[in-house]
Every structure is written in structure tokens, then in C-alpha cells.
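Engineer: Each chain is listed here by its residues.
Protein chains: 2
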Amino acid sequence: MSESHTRELSFIPDWPPGPLDSHRKQSAFDWKQLKLVLEDINSLRLKYKVWKLLESEPLFAKSKTTPSVDEQKKIAAQQMMLIAKLDIVPPEVYAMGYLPRYRFLMSVNEALHAICPSLSVKIAVGVGLFQNALRAMGTEQHSWFYNAAWSREIVTCLAITEVAHGSNTKRIRTTATYDPQNQEFIINTPDFEAAKCWIGNLGKTATTAIVFANLFTPDGQGHGLHGFLVPIRNPLTLQTYPGVLVGDMGEKIGLNAIDNGFVMFTQYRIPRENLLNRTGGVTPEGDYVSVFSEPSKILGAALEGFSAGRLGIMQEATNTLAHSVVIAVRYAAIRKQFGPDKNGPEQPIIEYQLHQWRIFPYLAAACVLKTSVYSLTDLYLKIIEKSQANSNGIDLLSQSVGEIHALVSASKPMYTWTARDAIQEAREACGGHGYLKAANLGELRNNHDACLTYEGDNNVLGQQASNWLLRQWTEGVQSPLVINHCLEWLMCWLMRSIVEDVSLAKQKGACSFEAKNNTQVYKARDLAFIYSEFYAISSFRLSCLKSDVAASVKPVLEQIHRIYGFWVIDRHMVAFYQGSFASGASFAETIRSNLLSSCQTLKSDAVTVADSLAPPDYVLNSVIAKSDGLLYQNLQNEFMTNPGALERAT
Amino acid sequence: MSESHTRELSFIPDWPPGPLDSHRKQSAFDWKQLKLVLEDINSLRLKYKVWKLLESEPLFAKSKTTPSVDEQKKIAAQQMMLIAKLDIVPPEVYAMGYLPRYRFLMSVNEALHAICPSLSVKIAVGVGLFQNALRAMGTEQHSWFYNAAWSREIVTCLAITEVAHGSNTKRIRTTATYDPQNQEFIINTPDFEAAKCWIGNLGKTATTAIVFANLFTPDGQGHGLHGFLVPIRNPLTLQTYPGVLVGDMGEKIGLNAIDNGFVMFTQYRIPRENLLNRTGGVTPEGDYVSVFSEPSKILGAALEGFSAGRLGIMQEATNTLAHSVVIAVRYAAIRKQFGPDKNGPEQPIIEYQLHQWRIFPYLAAACVLKTSVYSLTDLYLKIIEKSQANSNGIDLLSQSVGEIHALVSASKPMYTWTARDAIQEAREACGGHGYLKAANLGELRNNHDACLTYEGDNNVLGQQASNWLLRQWTEGVQSPLVINHCLEWLMCWLMRSIVEDVSLAKQKGACSFEAKNNTQVYKARDLAFIYSEFYAISSFRLSCLKSDVAASVKPVLEQIHRIYGFWVIDRHMVAFYQGSFASGASFAETIRSNLLSSCQTLKSDAVTVADSLAPPDYVLNSVIAKSDGLLYQNLQNEFMTNPGALERAT
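Just so you know, the protein sequences line up as chains G and S, in that order.
If you count by full-length UniProt numbering, then the first sequence holds residues 1 to 650, one letter each, in order.
If you count by full-length UniProt numbering, then the second sequence holds residues 1 to 650, one letter each, in order.
The set of hints was computed from the structure by calculation and includes no laboratory data.
Among the hints, a few may not be true.
Claimed, not checked - Covered by chain G, according to a simulated footprint, are these stretches of chain S (three or more residues, beta-carbon under 8 Å): (1) 59-71; (2) 450-461; (3) 519-532.
Stated by the list, open to error - Not everything, but these chain G residues come out facing chain S in the computed CB check (under 10 Å): (4) I186; (5) N188; (6) D191; (7) N260; (8) G339; (9) I404; (10) H405; (11) G442; (12) A450; (13) Q520; (14) R525; (15) A575; (16) S586.
Claimed, not checked - Pair by pair, the computed Cβ-Cβ distance ranges are: (17) G:N467 <-> S:Q347: 17 to 25 Å; (18) S:A61 <-> G:L630: 38 to 46 Å; (19) S:H485 <-> G:S63: 29 to 37 Å; (20) G:E500 <-> S:A61: 35 to 43 Å; (21) G:R648 <-> S:A148: 20 to 28 Å.
C-beta: ideal position from N, C-alpha, C; glycine also.
Use the sequences and the hints to build the structure in full.
Structural biologist: Structure (C-alpha cells):
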């Protein structure tokens, strides 16, 4: 590493010496150099700063036992206030341009998520999503709320989902009926099935909600979903207002520090001005006025701002994936079991081909997805920035929104499922010790699990992406992203085959809804997956080709690329045979033996690649994978210091 | 159903009427009739009795919030005492023959596991495994311990695993050195890596452990692993004895009501008689005496008694699988989202092909594995019974042990992985509501997770099974179980292909350890999996063919058989192409379209099949899948009654 680079990266602490050194020394490259390929240096600098700051705050100390759900919620609420005080996001950030500002906020979110996932959701929902929604749907008259959320004067939330309707937002049943006499909207929940639910921050703390409800004018005309600023609790006393029945949803699988809540409104009145009226408003007399010919389409485009939430989830999922695989690789490098000679030394489990095959594809995936989520975020932010700079922004946005929406919709499931599988494989690959809370894999899994179904259910999102792709096929457009021969063929084959299936089903009398549903299994679902994998691998390749990539890391990047690519092809192997791209044993055997030999090659670099994915120990928080490699000494310390571990039963 | 059957099954309560009725009425068979095919009536009777008894005990009330880990441990210890008092296993059981006795104990274990998994492990470890070990390795002189464990006079545990060695038991480093002067064994732990760990019941409560240690005679000669009865704590005060450092391992992913512990011994002395001396003993003077020429082999055969533990896990995993899929099916029958007509009624999500394909194979697998684990247990118990009836029992045992060991070793991973995947699919298929603790899927997952690595790590067990199979191939023996053409071909192809790979690798200079390790991925691992799937599907088929199966359930059994079979073949599809069993699109397409159409056919019976897998609501314990089908009313009740849900934050 050049001296200037060394200086530049001095904010990243070196690892402590220990038993992992013998593994680290096998690598011909420096882990920090690889880290620079995988992550943006400014983002890294910010993340390390946040981690350093919070590591010394008692309120952010890791607890050995899980506090009660109530206690967790209290701690998160206090943390949220402390974060504001610590000035982690200084006011200058809001003077930045759109792209750098967003990057800044996203990096802070990543840093917080890695140590307190619930807190990151609380802030994302209570500040980020709320402000995004206001910006997309509100006007000047709502700026007080915008600023009050920032300063924590109000605690906010976003109420879209209802008990009986999540994915199908068109069936939301909460109403907002305008009363011209009092110039108020009357918010009403017809029954429990229409109660807003799963709303983060609402259970115990939110004082203001943006509620999505169907707007009705006095003439009885419905105008579709609109957002309304609805007071829920008195900000001073946290007492709820009459007409609002609000409660906490109780314990969940994870993320228990977030107070997910439900709320029902009984003829609850709010001022006319609380309607978010960027796309359409109501005059004092009760006439609906919209500047757009198709307000619902525009609302859709405006709501697209929420895609930022999905990108945030993908960034978080990538970190979760990275942390899981770092734990598994470090453990595998130290843990020994069996060996060729019954009475000779045992070998580290990282030596076993089966173990490499179980873990290394996720190690490669973590690298690939780190670079890919960065470039996808870039693409997304630039589109939004362009729309905001332009007076005709919303129209512009709805033009470019198609592909980016498809790409994000396909990628969020792929990222979150890959992380889900990586956590589970890591947990099993660490044996019993992986079952300890102190190994942190259980927490990673239980917190990550929500990502699979929130901000768009993975299966539903995948369908949206494949639908968009199929429209492109039908319109004769081929994705410009297709560069890899196998995957290109696979995508084309799937698209052609789905289009044929659909038209055949229609010929046989199926309606279009049914015909489409019956191409999901094996076809459309896979198409969306491959599309996102394809984008990921392509953007990883571009990152590797950048001129500032150190020559020393190029060989390992090549191995990572190969492992991820072969692994992706292997998982879709049947389709290659089905579509006669391949026949006989040789294709599968070539791909698989290449995958296995690349794993074998990566072995001597695996610990170092893991190092470049690894956050500091405080953040990784796993007793079985500390950077010092002192596996058993750390376990011993853990056992001996568990509260009351050595005490007598009472 | 005939009247006599109706009477006979009256101990199983009928379901309450509700919105699931319209689904139930679509089935042409009675769910209780199907239940009779899937489960043994005596076992069912016992389980319903236990559930009825415990449902009314306040100590067994389900809590809405997770108690602290300490509290959980206390409750489980109290429950363990209560179970003894309630006389659920009356003394007469111990007068029964081996097979009925074991069946009885296993059914009680299943019943307890379904409501309190930690408690079932506590009893299995503290009573069942302990007594098994004494029976297998001890002699008359240890009968006091046998009875004291039964009466709960002593709390016991089994200490095999050490911090640095789990799977490779040959590398256990705890020593037991005989001192002829005092006629005592000196138990010693050389360092923390050799501390016994993960020992259930040891953390807080065990008073006596069976410790596995290497026996050394005064001449310095080592005689390998032996079991020793080692006092840990004073049974009256629970104070630990000097020379014993024992502690609790702290919080885990699940099963937190079990106090997993670690222990280190410092030159700790126990009487000579505490050696479990069935296979070999030490004279007062210090000479090692064994009646067998190969004591280590014999010990292995005796340890085989632990296979009962693996069968227990498979029974539990099958129930976990069944409960998950019942939750997913009932939820999918009630939950509506989207529909063919934008403004028309929405359809239940069970109507979607993608949803059927995600869930129904697990519904079928639950049925198949229920019958299969029963017949496998039968096979196992009969072999052990035979060995016990015969004076030359141990020799007999080691003869028949090969195949049953291979079958159990292959099946434990297959069962537990199938359950793992089913829980996860069910959790995602229930969307956000599946993330609620009250849905019970999180608890199922976190408790089940331990099964994947304990009682033999799944990946290691699979290797033992494939090793055995390959020896049979090499010896020219073909498994008599092979009846299904595709799977038969697949197993043969894999076996031949592995043997070829191994011999090729050896020719190229690899040692046998390395050559074998490098056939695990794609080959040996799959072989073990398919072997167990094959046994499962074959024994299911035999259960369906029994003369007392009601004619009305035969068609649905046929569908279950088809779905499971096609699903298994589909998951191994690549190998069929690789081995040229198939080429081109038609094989994959035929299997897959058959799988999808069978799912479609099963749809109208899915709720009823789920009913026959379902335990009472108290046991299923899921707010989103009660048998009354009142999804939203039950959720409403849950939200409104969560402790403090409606209270103000403090």
C-alpha cells in the first residue's frame, strides 16, 4: 500500500495480533486496499467516526442478556434523543446538495443499524421517511412539521398498512371526509380490519402520524389515497387525543425496541391544512383540485420516494450478510476438528471443501453486493436529484421510475434472501457456539427477518420486477445490462418462455390475472432474482475495473467474481438444461468444479477478505469471531463474566 | 367415518365453527380419519391427555412476553417437578416391555415438546438420556442413581462435549486417573478448551453428571473414553463441591429455560465404583479388565443407545414442521389480498399458485415424515429390544447397528432441515403478522434451531451416512429400500460417481481423508439426503397401503405422496440431467407441472389436511392460525390484551 494510502486509511484501526495472523499472512494484498474497492472512503470515515463515538457511550453498551421488551423500547427512545444531541448529523448536512446529503444520512443509518437495528428503523421511520413523505407530498404549509421532526419536537410515524391490507394498498379503507362547515377532515376507521397497524414508533411514542386515507369531498366523490398529518398524542404528556384508540402490538420476533403500533380513528377531526396537497388539494368550500390529469399516477411517482427505504434495507442487509460471513470465516479459521491422521494434528474446518462451499459463496456475495448496492444507490439518487432540480420534476420522475423501480424491486428480495441464507449457514457452520447469544448470529437473524416482508413483501416485489421486465420484452427492448453470456441467455429464455406460457394460457381461456399468477413458480420469480443478480455482478465488475483499484487486490477480486458468478449459475442450473443451453454432464460439472476450485483458491485469502468486510469488534459484537482470533480465551471470558453465571440458583 | 371410529376418536375435540368451514367442507374425507393414518392412536390418546392436563395448570400458561432468562429457568425447573407429581408417567410404565415403554415415553416427550421445548429437553437429558447411558454402560452397582434420577432426588446431566471438541469425540481431553491407594479416580480438566460445555441442566441445577473422560491406570496406560458418575453439587443446598468450577453458559438463541453449563475439574476425586463398568473396569489394585477384545468398538455400540435421542429430535422436528405449516395454511385460507378484478372481491392467498408451491410441499412433507418417523422408530426399537433380550446383546447390537445408524444419521439432518425451511417459509408466507411473537413462528424457529447442530452436527451426520452407503456399494450390496425408479437411479448414480471420484483422486495422489472430503459437495451430502427421503417416502407409501386406511382418505394420501415425491425429485433435478437420466426440457417440465397441478388439486383439501396435522389451539399457540379461523378478531383480542398495550409510556 502506498504511503499516502496508509495515511489516508489510518482512521481504520489495525487488527490486534493473534492466531488469525497466520491466515492473514497468506494474502498477497492488504485488507484495507480491498475495503477501499468495496466501500466508499467517505462513507467509511463517517461510519468509523460514529462507531468510535458511540462505543464510549454507556447508553450504547451491549448487554449480555436481552432486556425486557419495555426496557428495550425505553433505551431506544433515549438513544434517539442522544443521537440528536451528539450532533452526528450536523445542521450543515441539510445545506448540502441532494446527493451528498442523502449519502451522508444513509451512511449514518448504516453505522447505526450495525449496532442498533431498532434504533436505525426508529430514526429512518420517524425522521427520514417522514421527511421524505412531506417533501414528496407536502407543500410550504407543512414545513413546521418538517423541522419539528428533525429537532425531535414531535415524534412521527407513517401509517399506510392496515390489519387486513398490506401489499394491496389500493384496498385501504380508512377514510378522510371533508366537512366544509368546519373546514376539517374527518378521519374514520370503519372496523378493526382497517385499523392502521405495524406502524413503527406509533405503539408508545408517536405524536404525529402521516395517515394514508381515501379522500372524500362533500359531494360524496372519492378521490383516492392521500396523506394527512394527524395528531395522535399530546407531545408534552404523551396522552392520546379523544377519538384516537392507539396501542402497542406486543412482542415480535426481533426489533423489539421499536414500538410498532395500531390505531383506530372514530370520526376524528383534523384541520383542512393537514392534507398533504402537493398533488391535489381541497378548497375551503370542498372542491377537489388537482394540477395533474392523473393524480393517482402522480401519487405513485411521489411515493416512489419510498424506494430510498428499500435501498436502505439493501445496505443494511449487505452489512448483515458481511457480518455473518465474517463470523463464520474467522471461526472456521480457528476451530479445528478431525484431520487426515487419526492421531496427528486436527485441521481448521476452513480446510474442508464442504465448509468452503457452504461459506465462501456468501463471502463473495458480500463483496459483490457491497459494490453493487453502492452503484444502484447512485443511480437512484441521481434520478431523484434530476427530478428535484427540474420544475417538471414529477413528470420526469415518472418516466425514469420504471426501470429503477423494477431494479430495486428485484434487488430488495435478492439481497435480503441472500443475507437470510448467509446468517443461517453461518449459524450452523459455527456449531453449538453459534447458538450462543454472544455469537450474535441469533440477533442478526431475528432482526433481519423483518426485512423479508416489510417495505414490500419479497414475493410481491419480485412480481412487480418481472412484470416490468416482461413489458420490456414485449416491447422488444433488451436490457442494456446484459453482458454475461449465460445469464443473458437465461434471462432471455425465461422472458420468452413466460410470454409464451401466458399467451398459451390465455388461448385456453385464462384471464390475464390467472395466466400471470401461474407463471410465477420456476419462471417469473426466478427472472426477477436473476435480473438483480445480474445487475449486482455487472456493477461489481465495473468497480473492479476502476483505475484506482490497487493492482495487488485484482487477483482476489477476480476470485470473488468467479465464485459469485458460478454460484449464481449453479443455483439456476436446471433452467440451462431445460432450455437446452446445456446437455449431458459437462456444463454442470464445469461450473461446479470451477466453483469448488475457486473456493479452494480463495481459502488462503478468506480471513483477509473477511477482514476487509469486518467492522470493528464492538460493532461485530460476536464472541466467536473477534479480530484477535483468541476464540477460546474470549469464550472463557464470556462464560466467566455472564451476570450471575457462577452464582447459586435461587 | 364409521360410528365406532367416531366414538373411538371422541377424545380428539372437534374444531369450532368459523370461516375455515367453507374450506373444510370442500374435502371429501374426515380429518380425523387422515390423522389416524398419520399418527398412532395410542400415542394420540396419550398426547391429548397430557395437553388437557397441562392446559389447566397455571404453571403451563403461555406468557405473552418472554420472561427473563433466569425466570424461564426457574419456571422450567418447577415444571419438571410438577410433571413428576402429576404422574404423567406412572410407575407401571416401567413394568412394560421395552418397546411399549419407550413408545410411551416418546409420546409424552412429543406432547411436552409441543408446548415447552426446553422442558422436554430438560427431562430427556436429565432422565431419559441419563438412564439410557446408565443402562448401556453401567452395572447393578449404579442402580441407586438410576432410581434417584427417576424420583428427581438427583438432577442429572451428561457431559461429553468439550469447548474445543464436539463432533470429534475421540479428541476429548478430560482425564480420569486411578489412584489405587485411595481407590479413587482423579478427574481433571487440563485447560479451558477441555472444559465440558453445552451440558444441559448443568448450568444451575445438576447434582450428578455422567462425565466422559479418558481412563488412565497407575501404570500410565490410557484405556480410552469411559463414563463416570461425578457429583457436582450438594443435592440439598445446590452448593458446588470444591474442585468443581461450574457455571451457566448465558443466553442462547432459544431453549433458554435449559441451563446449559460448563464445568472444569481440578484433581477432583470420586470413588472407584463411580466408573460405569459394563464394558470394562479397574480392579482395586489398578488393573484394567475388559470382557471384550475391542472395548472401544463396544463402547460405540453401547453409545448407539443415544440414537434414541436423534429419533426423539426427528419426532419433535416433525411436529414443528406440522405446526408451522398448519399456521401457514390456515392463515392463507383466511387472508385475502388482490384478485382478478381490480374492483371485485379479493381472493384468499391460498388461491395463488406461487403460494401453494411455497407451502404445500411442506404440508405433504409433514404427512410423509409423520408416518416415516413412526416406522423408523419401530425399526430402531425392535433392534434394541432384540439386543436386550439376548445374553449376547452387545454383539448382536453392533451387527445390526450399521444400517440403522446410517438411516438415523441421514434422516436427522433431512428432518431438521425440512422443518427449518418450513418454519421460515411459513413465517414469510404470513407476512408481517407472522413476525408477531403471538404467531409463534419465531419461537418455533429459535427453539428448533439447536436441533441442526446438536446430537450430531447435521453436516457431520450426513457424512457418516454416506460413508456407510458407499461401503455397501463397494461391497456390492444394493439397499432393499430402493423402490422408486427415479430415486433409485439417483442414489445408484451418486454412489457410482462418488466411488469413481474417490478412486480418481487417489490415483492422483490424494490421501483417503482428502479424497472423501472432496466428494461431499454435490455428491455425498446429497446421497445421504436422498437416502433418507427415499426411506421416508417408502414408509409413507406402506402406511397408505395398510388395510385399515379408510377408503375416503386414499385420494388425498395419493396427492400428498405425489407432491412430496415430485418435490424431492425437483430439488435434485440437476443430477438427473448431469447423469443423462434426462435431457431436454421434458423431464423437468413434466415433474414440475405435475407438482404444480398436484398442488392445485390439494388446494381444496389443504385446510383439512392441516386440521389433521394440527394439535389443539393451546398447543399450536398461534394467534394467526386458530382453528376457529377468526383471524382478525383474534388479532384484535391479542392487541387489546397485551399487557400495558394501551397504557401510557412511562
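Engineer: Against each hint, give a clear statement of whether it holds in the structure.
Structural biologist: Verification of the supplied hints:
Residues of the segment 59-71 of chain S lying with their CB closer than 8 Å to a CB of chain G number 6, which satisfies the three-residue condition for coverage. Look at the segment 450-461 of chain S against chain G: 7 of its residues bring a Cβ nearer than 8 Å to a Cβ of that chain, three or more, so the hint holds. By the rule of at least three residues with a Cβ nearer than 8 Å to a Cβ of chain G, the coverage given for the segment 519-532 of chain S holds, with 4 such residues. Because the closest C-beta pair between I186 (chain G) and chain S is about 23 Å apart, greater than 10 Å, the hint is violated.
Because the closest C-beta pair between N188 (chain G) and chain S is about 17 Å apart, greater than 10 Å, the hint is violated. Interface hint at D191 (chain G): satisfied, since its Cβ lies 9 Å from the closest Cβ of chain S, which is below the 10 Å cut-off. The beta carbon of N260 (chain G) is positioned within 10 Å of a beta carbon in chain S (closest approach about 9 Å), and the interface hint is therefore held. Interface restraint check for G339 (chain G): the shortest CB-CB distance to chain S comes to about 7 Å, inside 10 Å, so the restraint holds.
Interface hint at I404 (chain G): violated, since its Cβ lies 24 Å from the closest Cβ of chain S, which is beyond the 10 Å cut-off. Proximity of H405 (chain G) to chain S is violated relative to the hint, the smallest CB-CB distance being about 18 Å (cut-off 10 Å). Using the Cβ-Cβ criterion of 10 Å, the hint placing G442 (chain G) at the interface with chain S is satisfied: the shortest such distance is roughly 3 Å. Of the supplied interface hints, the one on A450 (chain G) holds, with its beta-carbon coming within about 6 Å of a beta-carbon of chain S, less than 10 Å.
The interface hint given for Q520 (chain G) holds, since its Cβ lies 4 Å from the closest Cβ of chain S, which is under the 10 Å cut-off. About 7 Å separates the beta-carbon of R525 (chain G) from the nearest beta-carbon of chain S, less than 10 Å, and the hint is met. Interface hint status for A575 (chain G): upheld, as the beta-carbon distance to the closest one in chain S is roughly 8 Å, under 10 Å. At about 9 Å, the closest approach between the beta carbon of S586 (chain G) and any beta carbon in chain S falls short of 10 Å, and the interface hint on this residue holds.
Judged by the Cβ atoms, the range 17 to 25 Å given for N467 (chain G) and Q347 (chain S) holds: they are separated by roughly 18 Å. At roughly 44 Å, the beta carbons of A61 (chain S) and L630 (chain G) sit within the given window of 38 to 46 Å. In this structure the supplied range 29 to 37 Å is violated for H485 (chain S) paired with S63 (chain G), their Cβ-Cβ distance being about 57 Å. E500 (chain G) and A61 (chain S) have their C-beta atoms about 57 Å apart, which leaves the hinted 35 to 43 Å range violated.
Here the CB-CB span from R648 (chain G) to A148 (chain S) is close to 21 Å, well matched to the stated 20 to 28 Å.
Against the hints set out earlier in the document, violations occur for numbers 4, 5, 9, 10, 19 and 20.
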